[in-house]
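A.B. asks: Please model the entire structure based on the sequences and the hints provided.
Residue numbers (the working numbering), protein chains in the order written: chain A, 1 to 139; chain B, 140 to 548.
No wet-lab data here; the hints were simulated from the structure. Heads up, the beta-carbon is just placed ideally off N, CA and C, and yes, glycines get one too. Treat the hints with care, as some may be off.
[Claimed, not checked] Only pairs whose alpha carbons sit at most 27 Å apart, straight line, appear in this in silico DSSO-like list of lysine-lysine:
(1) B:K412 <-> B:K458
(2) A:K12 <-> B:K239
(3) A:K40 <-> B:K233
(4) B:K345 <-> B:K456
(5) A:K6 <-> A:K135
(6) A:K12 <-> B:K148
(7) B:K486 <-> A:K88
(8) A:K87 <-> B:K345
(9) A:K35 <-> B:K147
[As the list claims (entries may be wrong)] Restraint ranges, calculated between C-beta atoms of paired labels, are given here:
(10) A:K135 <-> B:E202: 25 to 31 Å
(11) B:R240 <-> A:S50: 25 to 31 Å
(12) A:Q23 <-> B:R240: 33 to 39 Å
(13) A:E132 <-> B:Y405: 45 to 51 Å
(14) A:N110 <-> B:E153: 46 to 52 Å
(15) A:K35 <-> B:P224: 30 to 36 Å
(16) B:N172 <-> A:E16: 28 to 34 Å
(17) A:S50 <-> B:P522: 29 to 35 Å
(18) B:N317 <-> A:E16: 36 to 42 Å
(19) B:E485 <-> A:M24: 45 to 51 Å
(20) A:E132 <-> B:E503: 32 to 38 Å
(21) B:M246 <-> A:D43: 35 to 41 Å
(22) B:P522 <-> A:K6: 41 to 47 Å
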Amino acid sequence: MAKRVKARKIVKGYAEGEALVSQMALGFNHGVDPKTGVIKENDHVLQGVSMKGKVFVFPNGRGSTGGSYALYRVVQEGGGPTAMILKKADPIVIAGAVMSQCPTVDMLENGAYDEIKTGDYIKVDATNGIVEIIKKGER
Amino acid sequence: MYLNEEEKKMLNGEMGEPLRFAMELLTTLGEVNGAEIMIPIKHAHIAGLSFKTHGVAGCEWAERMADLGATVRVPTTFNVSGWDPTRDLGYPKKWTEYSKRITSAYMRMGIHGISSCVPYFVGYVPRLGESVAWAESSAVVYCNSILGARDNREGGPSALAAALTGRTPEYGMHLTENRRGDVLFKVTTPLKNITDYGALGHFIGKQINTKIAVIDGLSDINSRNDELLSMGACMAVLGAPTMFHVVGVTPEAPTLEAAFGGKTKYEVIEFGKKELEDSYHALTNAKNRYVDYVSIGCPHANLDQIKEVADLLDGKKVKDGVMFLVHTNMGIKEIARQLGYLETIEKAGAIVTQGFCSPLGDPEDFGLKVMATNSAKTAFYGPHGNRMDTWFGSIDKCVEAAVTGYWSY
Numbered sequence: 001m002a003k004r005v006k007a008r009k010i011v012k013g014y015a016e017g018e019a020l021v022s023q024m025a026l027g028f029n030h031g032v033d034p035k036t037g038v039i040k041e042n043d044h045v046l047q048g049v050s051m052k053g054k055v056f057v058f059p060n061g062r063g064s065t066g067g068s069y070a071l072y073r074v075v076q077e078g079g080g081p082t083a084m085i086l087k088k089a090d091p092i093v094i095a096g097a098v099m100s101q102c103p104t105v106d107m108l109e110n111g112a113y114d115e116i117k118t119g120d121y122i123k124v125d126a127t128n129g130i131v132e133i134i135k136k137g138e139r
Numbered sequence: 140m141y142l143n144e145e146e147k148k149m150l151n152g153e154m155g156e157p158l159r160f161a162m163e164l165l166t167t168l169g170e171v172n173g174a175e176i177m178i179p180i181k182h183a184h185i186a187g188l189s190f191k192t193h194g195v196a197g198c199e200w201a202e203r204m205a206d207l208g209a210t211v212r213v214p215t216t217f218n219v220s221g222w223d224p225t226r227d228l229g230y231p232k233k234w235t236e237y238s239k240r241i242t243s244a245y246m247r248m249g250i251h252g253i254s255s256c257v258p259y260f261v262g263y264v265p266r267l268g269e270s271v272a273w274a275e276s277s278a279v280v281y282c283n284s285i286l287g288a289r290d291n292r293e294g295g296p297s298a299l300a301a302a303l304t305g306r307t308p309e310y311g312m313h314l315t316e317n318r319r320g321d322v323l324f325k326v327t328t329p330l331k332n333i334t335d336y337g338a339l340g341h342f343i344g345k346q347i348n349t350k351i352a353v354i355d356g357l358s359d360i361n362s363r364n365d366e367l368l369s370m371g372a373c374m375a376v377l378g379a380p381t382m383f384h385v386v387g388v389t390p391e392a393p394t395l396e397a398a399f400g401g402k403t404k405y406e407v408i409e410f411g412k413k414e415l416e417d418s419y420h421a422l423t424n425a426k427n428r429y430v431d432y433v434s435i436g437c438p439h440a441n442l443d444q445i446k447e448v449a450d451l452l453d454g455k456k457v458k459d460g461v462m463f464l465v466h467t468n469m470g471i472k473e474i475a476r477q478l479g480y481l482e483t484i485e486k487a488g489a490i491v492t493q494g495f496c497s498p499l500g501d502p503e504d505f506g507l508k509v510m511a512t513n514s515a516k517t518a519f520y521g522p523h524g525n526r527m528d529t530w531f532g533s534i535d536k537c538v539e540a541a542v543t544g545y546w547s548y
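C.D. replies: Next up, the structure:
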């Protein structure tokens, strides 16, 4: 059964897609291939996995402020996620999300953030601050 | 957030895309941080302008903004770009080409391309209590701590957004209640120079994160601004502080009580002789004593440091195979030229760069391996960001290493 929860809008917009969940923070600066969306950061648990077309779920950004420009480039060149869900958004990801106009939310209610698993289907209505989670296999 | 009529027009795009972007970013940051209103700023300083940070994406984004008519509303300067337009230090062609394009895009927005991390050394000195929007972590700390002006830890895009709108959301360091000290550091050993102050910055930075350090024990010593700058710069690369207080020295800390704003319970940490020595060791990772790169001026050297280097180098020669760079900006370099300091330094075979610095300029790409520096910030980045073995010590030790090619201490 689909679960609908409230979230905080960071950048407005609507998008849906399969979730890609990262347990780790991600530095977009030199960390993601802009065309394929493949995560390149050496020590990252998702190294080699692509975020292209996914709803990317991650705790927050890390690394230098260059991450904002890098996130913009990833979205611009087609390797980017359709939407982002963060545990708590940080200024670097916020700036990159605003620059690229990628629908983004954070601070999901009722512990929903921790329930999302890779492969779940997610509808992100950032404009109204609503996230719908359809568990894998229930669609 | 409450927005006035003009701010609403900016946000809904009536005043063009650059202002729409800027106001969307500022309102988002404001709402996330609990701001209620926008406040005017008097000056902005934009950072993250090197090709290393901007990349192709940032360059093209800035050019698009400039094409769309982005124009700053308040005096705005920009940070060190990691590229010296006056000389060929051996950069890859792509680096030079993109550095030029990034600089020119921001200049088209009306920004002064001073390419320096120390805007306050070229005349931008905000007053006590005045709000600004500065990026560059060392400048943020200098601004709040030493000048008593008010500034959050901005990134490149948010500082630009503030410059374009002339506003910033009122939260964090713009509010008096957030400027009180959190932890007391008692300094019980004398600090002699920039390097010692940098070592103290390292000690504080590794345990402070975003807290505000109150430092006591320095008031009897003549804590110069460039020494406090060196301390704050190193603090700001290990943690994410926006401010420190030095009791009896910095403007918002006339007394210990004032620095803590009435707080009476706080952690007390001592910094003595042993802690000073430990910090020196932590900032030195080299074993090989044959130095091939010497770097002074991070943050950018002021006139006193350039004169000190000139006096130490007078009549000597930098050893063959050693690159000795002193980093500053075009303003201080020009004064040094007219006063004759530059000639002495260049005669000895050292180079005074402008708009360049070691952490951003990637000296390792020139084939250099072992660095000596008097900057705690550069020493911290040495092994991590620049893959170089690093010796950390005072200016006279660094100059000696440049002349002999050997770190003898």
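A.B. asks: Take the hints in turn and mark each one as holding or not.
C.D. replies: Do the hints match the structure? See the list:
no. : hint                          : in the structure
1   : B:K412 <-> B:K458             : violated (34 Å)
2   : A:K12 <-> B:K239              : violated (34 Å)
3   : A:K40 <-> B:K233              : holds (22 Å)
4   : B:K345 <-> B:K456             : violated (38 Å)
5   : A:K6 <-> A:K135               : holds (17 Å)
6   : A:K12 <-> B:K148              : holds (18 Å)
7   : B:K486 <-> A:K88              : violated (55 Å)
8   : A:K87 <-> B:K345              : holds (25 Å)
9   : A:K35 <-> B:K147              : violated (35 Å)
10  : A:K135 <-> B:E202: 25 to 31 Å : violated (44 Å)
11  : B:R240 <-> A:S50: 25 to 31 Å  : holds (30 Å)
12  : A:Q23 <-> B:R240: 33 to 39 Å  : holds (38 Å)
13  : A:E132 <-> B:Y405: 45 to 51 Å : holds (46 Å)
14  : A:N110 <-> B:E153: 46 to 52 Å : violated (39 Å)
15  : A:K35 <-> B:P224: 30 to 36 Å  : holds (32 Å)
16  : B:N172 <-> A:E16: 28 to 34 Å  : holds (29 Å)
17  : A:S50 <-> B:P522: 29 to 35 Å  : holds (32 Å)
18  : B:N317 <-> A:E16: 36 to 42 Å  : holds (39 Å)
19  : B:E485 <-> A:M24: 45 to 51 Å  : holds (48 Å)
20  : A:E132 <-> B:E503: 32 to 38 Å : violated (49 Å)
21  : B:M246 <-> A:D43: 35 to 41 Å  : holds (38 Å)
22  : B:P522 <-> A:K6: 41 to 47 Å   : holds (46 Å)
Of the hints listed earlier, those the structure fails to meet are numbers 1, 2, 4, 7, 9, 10, 14, 20, in rising order.
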